[in-house]
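Protein chains in written order, with my numbering: chain L, 1 to 496; chain Y, 1001 to 1496.
With a Cα cut of at most 27 angstroms, we get these calculated DSSO-like pairs of lysine-lysine:
1. Y:1007 - Y:1025
2. L:251 - Y:1333
3. Y:1251 - L:333
4. L:429 - L:418
5. Y:1236 - Y:1429
6. Y:1329 - L:251
7. Y:1251 - L:329
8. Y:1418 - Y:1429
9. Y:1025 - L:418
10. Y:1418 - L:25
No wet-lab data here; the hints were simulated from the structure.
In this text, all values refer to a predicted model and were calculated from it rather than measured experimentally.
There are 2 protein chains.
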Amino acid sequence: MAQNLDKIFKPRSVAMVGASNVPSKWGSFLLVNLMAGGYPRDRIFPVNPREKEIHGLTAYPSVEALPEAPDLAIITTPAHTVCGVLEDCARRGITHAVVISSNFSEVGEEGARLERELVEVARRHALTVVGPNTMGVVNAAHRFYAVGAPVMLRPGNISFVSQSGNVGANLLGWTMNQGIGFGKFVGSGNEALLSASHYIDYFGEDSDTYLILAYLEGVDDGRSLMEVLSRTTQRKPVIIIKSGRTEEGSKAAMSHTGSLAGSDDIYDAAFRQCGAVRADTSQEMLDLAKSFERLPLPAGDRLGIITLGGGWGVLATDATAMAGLRLAKLDEKVVEVCDRLLPPFWSHGNPVDLVGNIYMETHLAILEAMAASPEVDAMVMLGSLGTGTIIGLNVLVSQNLIMEMSEDSLKSFFTELKDRNVRLLTRAKELMRQYRKPIVFVEMQFIGEENLRDLEAGETVIFTAPEKAAAILSKMHSYRRYLQRKGVDRDWSYLA
Amino acid sequence: MAQNLDKIFKPRSVAMVGASNVPSKWGSFLLVNLMAGGYPRDRIFPVNPREKEIHGLTAYPSVEALPEAPDLAIITTPAHTVCGVLEDCARRGITHAVVISSNFSEVGEEGARLERELVEVARRHALTVVGPNTMGVVNAAHRFYAVGAPVMLRPGNISFVSQSGNVGANLLGWTMNQGIGFGKFVGSGNEALLSASHYIDYFGEDSDTYLILAYLEGVDDGRSLMEVLSRTTQRKPVIIIKSGRTEEGSKAAMSHTGSLAGSDDIYDAAFRQCGAVRADTSQEMLDLAKSFERLPLPAGDRLGIITLGGGWGVLATDATAMAGLRLAKLDEKVVEVCDRLLPPFWSHGNPVDLVGNIYMETHLAILEAMAASPEVDAMVMLGSLGTGTIIGLNVLVSQNLIMEMSEDSLKSFFTELKDRNVRLLTRAKELMRQYRKPIVFVEMQFIGEENLRDLEAGETVIFTAPEKAAAILSKMHSYRRYLQRKGVDRDWSYLA
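Modelling step: build the complete structure from the supplied sequences, incorporating the hints.
Have a look at this one:
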């Protein structure tokens, strides 16, 4: 049974102890982000003995002077004052706190002493404390952004614990750019009391969280983490990026959070045993998040590839083999459709090379045949989304050479091109639902990053390289196999 | 001595045999792209017996009827007519041709027969022929876009030969999005006469080409390729992505271009021996292109890392070790600067953790000290560009909560933020020139892909993950070592 952290993530009111009008201070950052995020202003109580009003809110001179005991105190005062503030909180009936303040164990012996004192105070008063030295807490659904970075997330069901504030904040920033939906975030900071395992455990039982991400540098209590992971991964995927993989990185982690990183091989084995999905890079973590969010898990390792041209098919085939997946056999029905729609010299095998065929009907028919085939577990389509753009730009240029196009006709032209792509993606979503097989798109050109995100619309996955698609599908397949071994008899996925 | 291909890449006039008014035909694509690219219209001669005018240009009924013998014929007529067209070209005094037409050896025995005939005709008349089955040829400086994809390149000094038309066209499309400067491109198609080696050789002697890219699936004459690479790589870098790395991929390559891919280990060893830089993925090829284009080569393997926060420093350290690079020692002067500008508990080692310090002066001072240090061969800065955005967004949000900002003040606000970043990048460029050491930036958040490209301005390199930075710098260092082993006593780089 996980510790209940609802008051941390869903507080009905918060005290901001150390709130400030000075823009460069954390006490200002935090308050501004909280207000900008849409948390009700009348539920925020700034505490600052030297101010009457902070960013338009009435300030209180002390925790004692608060008109009520809020669910949560967010503390940004200097390190040496924090224990006193926690004592004040306990006296005022506040049971939960987020200690943003730094200068604790991360800066040496004096800080470590303060941190031990903090632990002692918290234990004595049975306080639940995040941090110290944390970037903060977010709950997008609750419009609660108690965090030192100006993020504004697309609400979703992915929750994320990070042992590094800057990695956490940066990855959140990336998810904004990529349109990935987010639920809760917490920077675990120095983990004086609550550790990454506690948050993973809580997210595991949180019905709003479908998928958990973790950035870890080191773990003091490996056994607890493994226990938590084991019970969590059978309910929902846990995707972990673990740094300190090399001896050098491990030393850097020690100097950063003081954590003993331990041997990477041990982590690797532990994660595998517990069914956690390990991301190799920070970008891969986001790709995994997006894919687990939007795609069903592949039931097997047989990949069907449809490519607009042969070269990308070769690269995709390499990527498939290197990711440990197999090329699916084309069954009679797929071959029949290809024979009917492609020139006689078509590849007669997987990858199916469309040899530049630009008719959307052809793309759709082959995709549908593959999706229906019992030989195929997952599909990758390369270049199909771009074809519209290629034809489009050519026609456009040609039109422009001949006559001036009106703004309206230009607009309708581009709408038509987008419609073409939307049609393909919509059909792919239907097929994924119908056959419970993932379909991912790879688009390597003229569309542009922002337009790709726009086309994805938070519901499909478009990669920009075949290597990524294969690596991600392989990890999704491994997770599916883990579930099968554990007798979890379902395709985990909230696409359904 | 490389074969002179100037008439292919810098023709003073071209015949478009098979030019068409029908938008979906290659004869239209090619002509439209050629015109849109800005090639002089009065130097284009469409040939089509059934049209008087094509896209506004006077059409000629036959090659024979042309008013002059152009430098180059671009042929898009059906395969079975191509040999006849080549005979016509020879008779009319045309010596060079690009055969776009497909349905040759790539489609089976009948096509292979036509291709043998093509070779025979070309040899008999001493014709220089690109293709058949090629995506075409580009020379951005010459405004010559005889290519089936609507690309419009940023003129630069990178030239690219691709054994796959779609991979080639897609990578060109990507370079557009990424602001990478391009010179010449050729899809080598079926390589009936001219092979990838010929183009690399030509690019090697081409004074406008500073850097060569190649996408290879398979090579018939390995010895020639190695000879060409050996003499080319001492003059300029050759970056190769070689597909068919796995047995499966190799089979796919065979079915695509009919080429025997050969064992990947052999290629790997050959590339290493000849000093070619091998890209592992298509995206890495672009990252390498950009980095070789804009950065001096690192003289050694000692990396200095400056990071806004510890977490990214740990990831960067892992990446450094995994890429086979070392963390540089901080010499006295660097330590002195850090002692002066950072809080006493600063990391006292590499990576230098700025612990969230947002003052640009601090970032610049530490960067300058590292650049000047004899212990450091290359530098990575993580998060520095983003700080402006973080502060900026916070202040902005805070301002907005307090008062409405006018459009003007908003604009000047964002200009100021951009200026901050531009200042850092400008100083980095100066330092790179002064010390001949590469400085790369890693930015993982709020800035957005398009703004990153905008900030790079084609002159610096900003990655979105530390893993990429380390891998690229490592490959650049290997190339530098190759040059040193060969006694090439200079830092190859056209930054100077």
